[in-house]
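A.B. asks: Sequences are here, hints too, so could you generate the full structure?
Going by the numbering used here, the sequence shown opens with residue 55, and the numbers climb by one from there.
Keep in mind the hints are simulated off the structure, nothing from the lab.
Incorrect hints may appear among the rest.
Okay, derived cross-link-like pairs now, DSS-like style, lysine-lysine, Cα gap no bigger than 27 Å in a straight line [what the hints assert, rightly or not]:
no.: 1; residue 1: K110; residue 2: K144
no.: 2; residue 1: K190; residue 2: K144
no.: 3; residue 1: K250; residue 2: K190
no.: 4; residue 1: K357; residue 2: K535
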Amino acid sequence: MRKFPSYILWALLWCCCCQTTQAEIFTSISQMTDLIYTEKELVQSLREYIKAEESKLAAVKSWANKLDALTRVSTSDPENYLGHPVNAYKLMKRLNTEWSELETLVLQNPSDGFISNMSAHRQYFPDEEDETGAAKALMRLQDTYQLDSEAFSRGKLPGMHSSALLTVDDCFDMGKTAYNDADYYHAVLWMQQSLKQLDAGDEAVVSKVDILDYLSYSVYQMGDLPRAIELTRRLVAIDSSHQRAGGNLRYFERLLFKQLNEMNQAYEPVSEEPIQLGTYSRPKDHLPEREAYEALCRGEGLKMNEARRSRLFCRYQDGKMNPRLLLKPMKEEDEWDSPHIVRYLDVLSDDEIQKIKSLAKPRLARATVRDPKTGVLTTANYRVSKSAWLEGEDDPVIDRVNQRIEDITGLAVDTAELLQVANYGVGGQYEPHYDFSRRPFDSNLKVDGNRLATFLNYMSDVEAGGATVFPDFGAAIWPRKGTAVFWYNLFKSGEGDYRTRHAACPVLVGSKWVSNKWIHERGQEFRRPCGLTEVD
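C.D. replies: Following this line, the structure appears as structure tokens:
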């Protein structure tokens, strides 16, 4: 019986646990581009439908004009008109034949082709969960890069100005998505922006009453009673019969005056400053290093100083006299001194990148993480990307890339995992995590050992965002197409290096493609011998 290497079992397990549902399709820019062409096809189909409707309407109008002229004559003197045998015959003919033909014409449905085309494509359309996910992605970008709702709604993102604008109704829907998720912090920001644009005269379907209804209650949930009262009063002034608003107003007022009496304070008019980013504090979440992580994503909080920079060098690397690198050694740059992180230049050619992407695209599925409690692979909100796994047998390019990684690192890749290709779409990210597994190990790590090292290829440039950051020591590494970064996840003792906790920052503008190789401990006994101390 043939024994499969453990990395094959890893890949099989991943495939079994990572079936893509409709709601998971649109976390990849690669697959979202298909929707652009689908929409273009539907627009063409819609134009053909309009043309058919116009042709049908023109024919009906022609009938109507002809019959209108004829009935004006016939009704002026019916007896005299019918006294002519031809007119009597033609009346019989019209009512028996021609009006039936007209009925058939009117009953023709030019929309059949368009509806058929819509039905064929509908199975690939995003659903409500996808729309909600896209809205949350914008909010994630808003938080990470400290962008106010005005910047998004007007298309003013860092380094670019776009015609992609958000309407009053778009902002309202963003706020409603947050509200339905009990995320009142973002609900306030987007409802306020919706109200601001409506007050500025922008057209909208949603009413000011609806916006104020959501906004006032969200502000109350943020603990700002005076402003909640002021907003509710505005609502009641527009619609005095609004039952919920009237009840809320009385409740808010009683609550405020009770608080003021308990603190022995007088009522002060609400601030006239509009609600904006920074008016309220964002609630804390599960991630302890949230602020440090997001600051690094913005290029802030970097701990690179002149003393550290003086210890960084660039060099040619021949893989310890590896024959495949002797004539063309790799260009190696230090990115960080401790833990040591290096970047290799010109690792992948444009043709190789294109081939890897073309192999991965049909296999892209929502990336998973291992649940620390159950050990089962599952999707998670903190990892938003699409990934695929490629092996050497898929194409000579993959085999060549695997060999190149072995040559550069000096580590055996026989026990490494398959080459993982990932594409990050709208707001795509991977929050701070360790690449190595912490003890006790999962059963599938007992064969080939833990993830010793990470080799990460950048296969695209990113217009804004998308850095790889290390919150523990304040490093940020920015994507550069064709380059790769490498670091060890474990000390020589086999203990995990907890400093290597890292994250993939959300992509703000552009599409981020990466591929990575996780190299395991087994097979490295003589290539990276054990150290004498725990932190060697």
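A.B. asks: Now, for every hint given, state plainly whether the structure supports it.
C.D. replies: Here's how the hints hold up against the structure:
1. K110 to K144: Within the cut-off at roughly 24 Å; holds.
2. K190 to K144: 68 Å, violated
3. K250 to K190: Holds. K250 to K190 sits at ~21 Å (cutoff 27 Å).
4. K357 to K535: 24 Å, holds
Going through the hint list in order, the structure does not satisfy hint 2, though it satisfies all others.
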